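Number of protein chains: 2
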Amino acid sequence: MKPMQLVLFLTAAVSMALAATGIAMDGSRDKAAPIYGVTIPEGYRHWEMIAPAQEAAPLDELRVVLGNAVAMKAYREGTLPFPDGTVLAKLAWKHVPSSEFGPASIPGVATTVQFMVKDSRKYAASGGWGFGRFINGKPTDEAQHQTCLACHQAQVKNHDLVFTRYAK
Amino acid sequence: MKPMQLVLFLTAAVSMALAATGIAMDGSRDKAAPIYGVTIPEGYRHWEMIAPAQEAAPLDELRVVLGNAVAMKAYREGTLPFPDGTVLAKLAWKHVPSSEFGPASIPGVATTVQFMVKDSRKYAASGGWGFGRFINGKPTDEAQHQTCLACHQAQVKNHDLVFTRYAK
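Residue numbers (my numbering), protein chains in the order written: chain Y, 277 to 444; chain C, 277 to 444.
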């Protein structure tokens with residue numbers, strides 16, 4: 277094996293080994309959220325819109341919750357609890373004044389993207405839901421993920437731990 | 277023809293005549309918006325999300341703009357002007373405090389649904405766009421439709437008369 281071939285081979289081998297452990301070549305952390313192992317679902321930005329929301333200070337955010345096909349069917353048919361396979365995506369941006377239309381606020385910089393994944397067996401210990409919070413494509417730390425469930429359980433136990441309702 | 281048959285026949289005939297004039301049997305106005313003739317596109321609530329917005333007092337609204345497939349392709353590829361066939365839908369709701377999560381405001385009652393339809397020949401006189409504003413499925417009056425174009429032309433001439441940018 278020539279030196280250059282060796283370099284390429286070793287690079288590939290190291291890359292594969294790291295991928296197996298969930299550590300990317302650029303040094304970023306595992307792409308799966310702590311506790312739940314939730315990852316960013318492919319193509320979620322194409323999902324349908326469930327509802328928008330606004331978050332007051334200090335967050336000052338505009339948010340939109342999207343749902344995959346399983347989620348949208350459940351919402352439209354009023355199915356509770358949500359069936360396994362439901363995935364909800366909450367996109368959030370700082371809200372900033374529009375420079376073009378006085379009364380409007382519009383999305384500024386993206387902040388977090390958060391997911392709820394329904395799998396009643398895998399997530400039996402957390403009401404059937406796995407939670408994942410991401411910033412710039414990377415999961416936030418374990419401490420942040422420890423806050424999800426308690427709040428959802430305290431506030432929306434009667435709606436299968438889901439805050440967002442379908443905006444007609 | 278028996279009396280009952282005659283009644284059915286006349287009901288059908290009157291209904292067809294009214295349909296031809298755009299007046300529905302329930303007395304509602306024409307389903308096409310004045311000036312532009314824009315109608316509510318089938319299935320628009322399933323379209324992808326372009327961006328949310330918030331409208332300050334006195335409207336106090338949460339809004340989401342959705343786009344059909346032509347619109348989404350143009351947004352993602354940065355195509356300007358938007359190609360013929362682009363349709364944008366702006367959904368709006370009163371924003372009301374969430375009873376379940378203190379800092380959040382969520383959609384209350386739906387207010388207007390508004391559309392922009394790109395057809396550079398049909399709407400040559402209005403920058404290629406037709407506008408339609410609907411409340412409870414019915415178009416608003418001509419006076420309201422006379423306000424659309426001037427504001428869009430004054431504020432977003434450099435973005436093909438479209439305010440909303442894609443929220444990444």
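FYI, nobody ran anything at the bench for these hints, they're computed from the structure. Predicted model, so just to flag it, every value in this text is computed and none were measured. Idealized CB from N, CA, C, for every residue including glycine. Misleading hints may appear alongside valid ones.
[To be verified] Here are the simulated DSS-like cross-link-like pairs (lysine-lysine), alpha carbons at most 27 angstroms apart as the crow flies: (1) Y:Lys398 x Y:Lys349; (2) Y:Lys349 x C:Lys370; (3) Y:Lys366 x C:Lys414; (4) C:Lys349 x C:Lys444; (5) C:Lys444 x Y:Lys444; (6) C:Lys444 x Y:Lys414; (7) Y:Lys444 x C:Lys398; (8) Y:Lys433 x C:Lys349; (9) C:Lys444 x Y:Lys307; (10) C:Lys349 x Y:Lys370.
[Said to hold, decoys possible] Reference listing, derived: stretches of chain Y covered by chain C, where coverage requires no fewer than 3 residues with Cβ under 8 angstroms from a Cβ of chain C: (11) 324 to 335; (12) 364 to 373.
Query raised in the report: So which of those numbered hints doesn't the model satisfy?
Result: 3, 7 and 8
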